[in-house]
Each structure stands twice: as C-alpha cells, then as structure tokens.
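*Asks:* No gaps in the numbering here: position 142 of the sequence shown is 142 in the working numbering, and each next residue is one more.
Hint data in this document are derived by calculation from the structure and do not stem from the laboratory.
Warning: the hint list may mix true and false statements.
Said to hold, decoys possible - If you anchor each label on the Cβ, the simulated ranges turn out as follows:
(1) L265 / N327: 17 to 27 angstroms
(2) R102 / D209: 22 to 32 angstroms
(3) E345 / Q118: 19 to 29 angstroms
(4) E216 / S169: 24 to 34 angstroms
(5) D209 / D156: 25 to 35 angstroms
(6) R102 / E41: 17 to 27 angstroms
Said to hold, decoys possible - DSSO-like mimics (lysine-lysine), calculated; alpha carbons at most 30 angstroms apart, straight line:
(7) K186 / K388
(8) K45 / K356
(9) K391 / K362
(10) K11 / K186
(11) K219 / K186
(12) K73 / K157
(13) K206 / K356
(14) K74 / K139
(15) K186 / K280
(16) K186 / K393
(17) K388 / K206
(18) K280 / K219
(19) K186 / K222
(20) K222 / K362
Just so you know, even glycine gets a beta-carbon here, dropped at the ideal spot from N, CA and C.
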Amino acid sequence: MDRRGDDPLLKDQSIMCLSTMYWDFLWTRKQRFMNSLSRPEYGNKILYVEPTFSVKEKLLDPGVKNKGIAQIKKINENLSVLTPPLWVPFGRFEAIRKLNHRQSLRSIQKWQRNLGLQHPMLWTYRPDTASLLGAFSEKFVVYDCVDEHSAYPGRDKRLVQQQEDVLVSRADCVFVSARGLYERRKRLNPDTFFIPNGVDFPHLRKAQDPATEIPEFLKSLKRPILGFVGGIADWIDLDLVRYIARARPDYSIVLVGPVTRHIDLKPFHSLPNVFFPGPKDRMEIPAYLKGFDVCLNIFKLNELSQTVNPLKVYEYLAAGRPVVSVNMPEIHHFKDIIWIARDEEEFVDGIDRALKDPSPEKIQEGIRRVQEYSWDSLLNQVVEILNKILKRKGKI
C-alpha cells in the first residue's frame, strides 16, 4: 500500500505539532508520527513543540535542567524541535494561564515565521490548545487524544474537560488511542476515529534474534527475571511491585526507565531483589526484553488507566515475551494470550504460571497479532482518513 494513502494530499505540507512529550524522552506515537511524516516520501515540513514546564518544576527536577531555555533543534531536513520558554508557576489562576499562553505563543509564532510554516496543519496532543486556535493561521486542526487528561492527579478536572470539549468540537479531525476515549469525543465531533498505539515490529523482534546479546547487568542477576520497560511515574503501581518482591524473594524484578521526581524509591532499599537500572537508549530495549523471563504491565487501576491503551503490552508481545498484566479494559482482546490479574494474588499466580508454562503457542500468536499494529500500518490509516477529510472540506 502507498504510505500516503489513496491520494498524496498529506505531502509537502506544513505541520505544527503541540506535544506533551519531550522529543528525546520516552518514544511514543507523538514522536513516531511526526518523524514518519517528515520522511522524504511525505516531505512535510514539521515543527514539533515540546511541552512547557514552570520555573518551580525546573528547580525541583534536575532531570529537566537543560530544558526551559527557548531553543530549536534540527532532527532532519524537514523536522525541527522547539523547546519553549519556562512558564510562570501557579497556572491554576486564569491571569497566570493567560500570561503563560502569551509567552508560549510568541515563541512558537517566532519559529513558525523563521521556518516559513504558512497556514500549517495544527496537530495537537494538548487539551488546552483551544485557546490557541487561530493564532497560527492554521488551515486544519488535528487533535490526537491519547489520555484522559482530566484524570491525571493534581489537574483541575472540570477545567481540563471544558478546555478539551472546546478543542474536540472545533477540530477538523480527532483521533483517540483507546476505545474508552472514543464515545465522549465522538458525541462532540463526528470526525472522531480510533487509532490504537503501535509497535516498531522489526526493531522489537531483535529480542528473538540469537545475535542479540543480553546485557551483562541482567546476566549477573538471579533468575527468573521479571521485567518492566517504561516511565516510572505516578501511574505505575509500585505497591504491586513491592508485593511481588516480598511474595517471591527469589525472583529478580527489573524496572527499566526514567524515574520521575515524584517517585520515592526509599521503600525499595530493603528489597534486594528489585532493581532500577535507569533509562536506556531505545536501541538497547530489545536486548533487555530478551533477558526478561516474564514482562509486567503494572499500571495503577484508576480512572486514568481505564482509558489507557498500554503501548508496552504490544511491545512485549512483539518481542515474543510472556506477559502478565493488571486488568485494563484496553487489553481484553489479548486475554487469551496474556495473563490478566484482578488483584495482587492473581498477579503473582499469573507470573508463576507464565514461568511454568510460557506457552510457545501463545508467544507465536502474540507476535502474529501485533504485526497489524505496526506504526507504518497505523500511519497509513491516519493519512487515509486525513486525505478524505481534507478533500471533503476543501482544505487541500
């Protein structure tokens, strides 16, 4: 299939992406879609705008010490990444929110002019974008909704929902990454489409390659090794990890990924079988997955996780690993090939069963199923949908 869909309308366009993820942080659909759309066969000129954060966050979190100074970074001939200036804290106050938006707007508009992005397609992941609509003389608005933003801890739920409702109703096209996000947005905008998360299948299949070397760190650990890959943040159930560690003290548990500043690892100091090796380059991830005997999906079960489509489950399956997961609606279609637990005891039991009988049949079926979720296949669907709407609305 032609990667541009039936018609090459999404080619040689200008795209401004307002993201909620730093370009060089966890690699998600936000970076993947923009990186792909900047490839030569599309030739779109793209400005990827990283999220903003406040002076207070910069002072408290050494992990962002190099962020906050407005700067531009060129990724390839067609793709540039903008780090906006710092925000003033206390954004719950309307006057402060307006000040922050004006500051961000000036910075983005400056680089929009410098890069020659006239009448771009505005592609946003931020629910608060409604107040910026029209500011970039955009000809088309895409909202890619990948989370229930109002369910994040510390957010003003009512405000976030109000902002997002305006954005959804005014967008030309809305994508959602989870079925649980679909109905509410579809009621506000008929041009709403479900596009799940995907996998870099050729990359993750390296976990099955005999030539892929398991990291020395993993070789030094006692087996079996239970593994997790991803951001270690508020939405990860570390109480569950502690329960597993105490219930199975002879098992090694490895959580690979950046630890956010809100997470207290002190409770793990007394658990010698739990390891936090930190973030790894994404090129190293297949080697780590190869070294795991069982992979874990350990989201906290709450309002947020009810509408999360956990990318890591797809990645674990693509790597050919047995998977044990908490009970999340968005992975029920995998219930015959992974172990889904309703509570802590069932989770440990699922681990034991996965270790005892990893089931080559389940492994192969998992590999087969996730191939349809390749990023290129999903991007084909996105481009085809956008082509049709662009044509229908005369916004070519």
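*Asks:* Look at each hint and say if it fits the structure.
*Replies:* Hints, one by one, checked against the model:
1. L265 / N327: 17 to 27 angstroms: Taking Cβ atoms as reference, L265 and N327 lie about 26 angstroms apart, which means the hint holds.
2. R102 / D209: 22 to 32 angstroms: violated (51 angstroms)
3. E345 / Q118: 19 to 29 angstroms: violated (60 angstroms)
4. E216 / S169: 24 to 34 angstroms: violated (54 angstroms)
5. D209 / D156: 25 to 35 angstroms: Since the Cβ atoms of D209 and D156 sit about 48 angstroms apart, the hinted range of 25 to 35 angstroms is violated.
6. R102 / E41: 17 to 27 angstroms: Hint violated: Cβ distance 38 angstroms, outside 17 to 27 angstroms.
7. K186 / K388: holds (18 angstroms)
8. K45 / K356: violated (51 angstroms)
9. K391 / K362: violated (43 angstroms)
10. K11 / K186: holds (27 angstroms)
11. K219 / K186: Violated, at roughly 49 angstroms.
12. K73 / K157: violated (34 angstroms)
13. K206 / K356: With Cα atoms ~24 angstroms apart, K206 and K356 stay inside 30 angstroms; holds.
14. K74 / K139: holds (24 angstroms)
15. K186 / K280: violated (38 angstroms)
16. K186 / K393: With a Cα-Cα distance of about 18 angstroms, the restraint between K186 and K393 holds, given a limit of 30 angstroms.
17. K388 / K206: violated (36 angstroms)
18. K280 / K219: Since the Cα atoms of K280 and K219 sit roughly 16 angstroms apart, the hinted pair holds (cutoff 30 angstroms).
19. K186 / K222: Not satisfied, since the Cα-Cα distance of roughly 49 angstroms exceeds 30 angstroms.
20. K222 / K362: holds (25 angstroms)
Of the hints listed earlier, those the structure fails to meet are numbers 2, 3, 4, 5, 6, 8, 9, 11, 12, 15, 17, 19, in rising order.
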